[in-house]
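Asks: Sequence:
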Amino acid sequence: MNPIRVIGIIAAAMLAMFSLTGCWDSYDVEKNRYVTAMGFDYADHQYAVYAQMIDFANVAKQEKGKSDSPAVSFIGKGQGLTVNLAANNLYLTSQQRILWSHITSIVMTEAALKEGVKEFEDAYDRFHDTRYTQWVYGTWENIESMFSTPDFFNMSSLTSILHEPTSNYKQRSWIEPISWLHFLADILEPGKTVILPTLSVNQKQWKKNRDPEPKLQINGAFIISGKVLKGWLSYDQLIGLRWMNPATKRTPLPIVDGDQMLGVLSVESPSLKIAETFGRGMPRYKITLSVKGNVVEMKDDANVERMTQIAKTLIQKEVRETFAHALALNADIYQLDYHTYLHHYGMWKQLEKEGTIHVNEQSLESIDVKIKLMHSGILRDFVKE
Numbered sequence: 088m089n090p091i092r093v094i095g096i097i098a099a100a101m102l103a104m105f106s107l108t109g110c111w112d113s114y115d116v117e118k119n120r121y122v123t124a125m126g127f128d129y130a131d132h133q134y135a136v137y138a139q140m141i142d143f144a145n146v147a148k149q150e151k152g153k154s155d156s157p158a159v160s161f162i163g164k165g166q167g168l169t170v171n172l173a174a175n176n177l178y179l180t181s182q183q184r185i186l187w188s189h190i191t192s193i194v195m196t197e198a199a200l201k202e203g204v205k206e207f208e209d210a211y212d213r214f215h216d217t218r219y220t221q222w223v224y225g226t227w228e229n230i231e232s233m234f235s236t237p238d239f240f241n242m243s244s245l246t247s248i249l250h251e252p253t254s255n256y257k258q259r260s261w262i263e264p265i266s267w268l269h270f271l272a273d274i275l276e277p278g279k280t281v282i283l284p285t286l287s288v289n290q291k292q293w294k295k296n297r298d299p300e301p302k303l304q305i306n307g308a309f310i311i312s313g314k315v316l317k318g319w320l321s322y323d324q325l326i327g328l329r330w331m332n333p334a335t336k337r338t339p340l341p342i343v344d345g346d347q348m349l350g351v352l353s354v355e356s357p358s359l360k361i362a363e364t365f366g367r368g369m370p371r372y373k374i375t376l377s378v379k380g381n382v383v384e385m386k387d388d389a390n391v392e393r394m395t396q397i398a399k400t401l402i403q404k405e406v407r408e409t410f411a412h413a414l415a416l417n418a419d420i421y422q423l424d425y426h427t428y429l430h431h432y433g434m435w436k437q438l439e440k441e442g443t444i445h446v447n448e449q450s451l452e453s454i455d456v457k458i459k460l461m462h463s464g465i466l467r468d469f470v471k472e
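Quick note: to get our numbering, add 87 to the position in the sequence shown (first position is 1).
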């Protein structure tokens with residue numbers, strides 16, 4: 088090939104390379120609108136989609152140190168005859184391109200859940216830049232109030248339980264957070280009960296100087312089974328759930344004997360064994376529950392052995408109370424029906440054909456609780472089962 092021609096080709100290629108400005112489909116960061124939380128509601132035969140946007144410039148300042156100015160949240164509401172149209176309605180006033188890839192939380196009202204999850208799931212999944220890692224909640228309250236509730240110290244809500252519930256759950260395990268992925272998977276799984284945490288705004292517990300300072304709180308859970316919303320249980324009604332969940336990290340157990348407070352245990356790491364038998368064609372479950380704990384407070388007239396025995400009785404009582412509350416909603420809070428589905432599918436299928444309620448008052452035959460105290464504070468008493 089002619090050397091002059093080769094040089095010409097190379098020069099043309101280099102000129103073309105230097106003329107490129109980058110990716111053709113890239114967008115300037117400051118010209119995008121990043122949605123961080125999404126809310127779903129249904130009223131007056133219309134769907135409503137809420138979008139929370141955070142000022143990321145403020146977030147960047149917070150990462151360098153405490154910000155003197157309050158974090159700013161923008162909450163938009165779109166409405167339409169379908170979920171997609173409601174979301175599209177937000178574009179009318181968004182000013183710039185909306186990006187959905189930064190969503191870390193989804194909130195659904197009771198009305199939305201009653202209308203059915205499928206409509207919201209289908210529309211949400213059609214946004215190509217969304218993921219399945221978001222935390223999902225239910226609520227009785229106004230979503231706008233939820234999305235505008237700040238965290239402490241002028242921090243954005245990205246550090247609140249709306250967007251990051253795991254650290255709070257590790258410190259006080261009661262109702263486990265659930266991701267969008269597990270929420271959808273559990274709804275579709277036969278025999279599975281979905282326990283969807285509900286958010287509320289607590290106006291009383293904290294004050295900023297002398298003024299009320301609202302903060303988000305998990306106040307209970309919606310119970311969903313067979314894709315149907317069964318009802319709602321309060322935080323206190325779900326007191327036994329923590330003992331039946333191996334994900335429990337740490338939870339307090341006040342030891343009360345009659346009217347006498349003996350002390351407090353910090354209990355962690357429950358492990359379960361479920362033995363299943365069938366009497367007259369119906370499943371019966373024997374639960375063996377093992378937990379570890381520490382004595383974090385003990386009155387002078389108490390002793391470790393007495394506290395341990397009372398703790399066993401209290402745990403059994405709490406497990407049965409929550410079980411009864413769920414049965415009142417015709418719901419299986421401890422996934423016992425799912426245990427039958429996994430381990431005795433033939434029997435489960437037969438009961439399903441007969442339309443028989445698999446779990447009832449007699450299903451929970453026995454609860455055997457074993458407690459191992461790792462230490463009892465400065466006394467260093469060890470109790471082995």
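If you are wondering where the hints come from, they were derived from the structure by calculation, not from laboratory data. Don't take every hint at face value.
[Claimed, not checked] Okay, derived cross-link-like pairs now, DSSO-like style, lysine-lysine, Cα gap no bigger than 30 Å in a straight line:
#1 279 x 386
#2 336 x 436
#3 317 x 164
#4 201 x 440
#5 373 x 336
#6 373 x 201
#7 205 x 404
#8 164 x 336
#9 336 x 360
#10 404 x 386
#11 279 x 379
#12 386 x 201
#13 164 x 257
#14 279 x 291
#15 279 x 440
#16 257 x 314
#17 295 x 317
#18 399 x 459
#19 440 x 360
#20 279 x 457
#21 373 x 205
#22 205 x 295
#23 459 x 440
#24 373 x 399
#25 257 x 360
[Unchecked claim] Here are the simulated distance ranges between beta carbons:
#26 289 x 131: 36 to 44 Å
#27 297 x 186: 54 to 62 Å
#28 381 x 161: 43 to 51 Å
#29 188 x 416: 34 to 42 Å
#30 416 x 439: 39 to 47 Å
#31 188 x 415: 53 to 61 Å
#32 429 x 293: 17 to 25 Å
#33 184 x 461: 49 to 57 Å
#34 440 x 180: 24 to 32 Å
#35 288 x 408: 54 to 62 Å
#36 369 x 231: 15 to 23 Å
#37 184 x 288: 29 to 37 Å
#38 239 x 431: 36 to 44 Å
In this text the structure is predicted, and so the values were computed from the model without any measurement. In this text, a Cβ means the ideal position worked out from N, Cα and C, and glycines have one as well.
Asks: All the hints need checking, so say for each whether the structure fits it.
Replies: Tested hints:
1. 279 x 386: violated (42 Å)
2. 336 x 436: It is violated: about 35 Å lies between the C-alpha atoms, which goes past 30 Å.
3. 317 x 164: With Cα atoms ~28 Å apart, residue 317 and residue 164 stay inside 30 Å; holds.
4. 201 x 440: At roughly 26 Å apart (the allowed maximum being 30 Å), residue 440 and residue 201 satisfy the hint.
5. 373 x 336: Holds, because 24 Å separates the two Cα atoms, which is no more than 30 Å.
6. 373 x 201: violated (34 Å)
7. 205 x 404: violated (37 Å)
8. 164 x 336: violated (37 Å)
9. 336 x 360: holds (18 Å)
10. 404 x 386: holds (23 Å)
11. 279 x 379: Holds, at roughly 27 Å.
12. 386 x 201: violated (48 Å)
13. 164 x 257: violated (33 Å)
14. 279 x 291: violated (36 Å)
15. 279 x 440: Measuring from Cα to Cα gives roughly 17 Å; hence the hint holds.
16. 257 x 314: holds (29 Å)
17. 295 x 317: violated (38 Å)
18. 399 x 459: Within the cut-off at roughly 11 Å; holds.
19. 440 x 360: Roughly 28 Å between the alpha carbons, so the hint for residue 440 and residue 360 holds.
20. 279 x 457: It holds: about 27 Å lies between the C-alpha atoms, which stays within 30 Å.
21. 373 x 205: Violated - the C-alpha atoms of residue 205 and residue 373 are around 36 Å apart, more than 30 Å.
22. 205 x 295: violated (41 Å)
23. 459 x 440: At roughly 43 Å apart (the allowed maximum being 30 Å), residue 440 and residue 459 break the hint.
24. 373 x 399: Answer holds: residue 373 to residue 399 is near 16 Å, not above 30 Å.
25. 257 x 360: holds (23 Å)
26. 289 x 131: 36 to 44 Å: violated (29 Å)
27. 297 x 186: 54 to 62 Å: violated (40 Å)
28. 381 x 161: 43 to 51 Å: holds (45 Å)
29. 188 x 416: 34 to 42 Å: holds (37 Å)
30. 416 x 439: 39 to 47 Å: violated (20 Å)
31. 188 x 415: 53 to 61 Å: violated (42 Å)
32. 429 x 293: 17 to 25 Å: violated (43 Å)
33. 184 x 461: 49 to 57 Å: holds (54 Å)
34. 440 x 180: 24 to 32 Å: Since the Cβ atoms of residue 440 and residue 180 sit about 53 Å apart, the hinted range of 24 to 32 Å is violated.
35. 288 x 408: 54 to 62 Å: violated (27 Å)
36. 369 x 231: 15 to 23 Å: Violated, since residue 369 and residue 231 (Cβ atoms, about 47 Å apart) do not stay within the stated range.
37. 184 x 288: 29 to 37 Å: holds (31 Å)
38. 239 x 431: 36 to 44 Å: Once the Cβ atoms are compared, 50 Å apart, the range 36 to 44 Å for residue 431 and residue 239 is violated.
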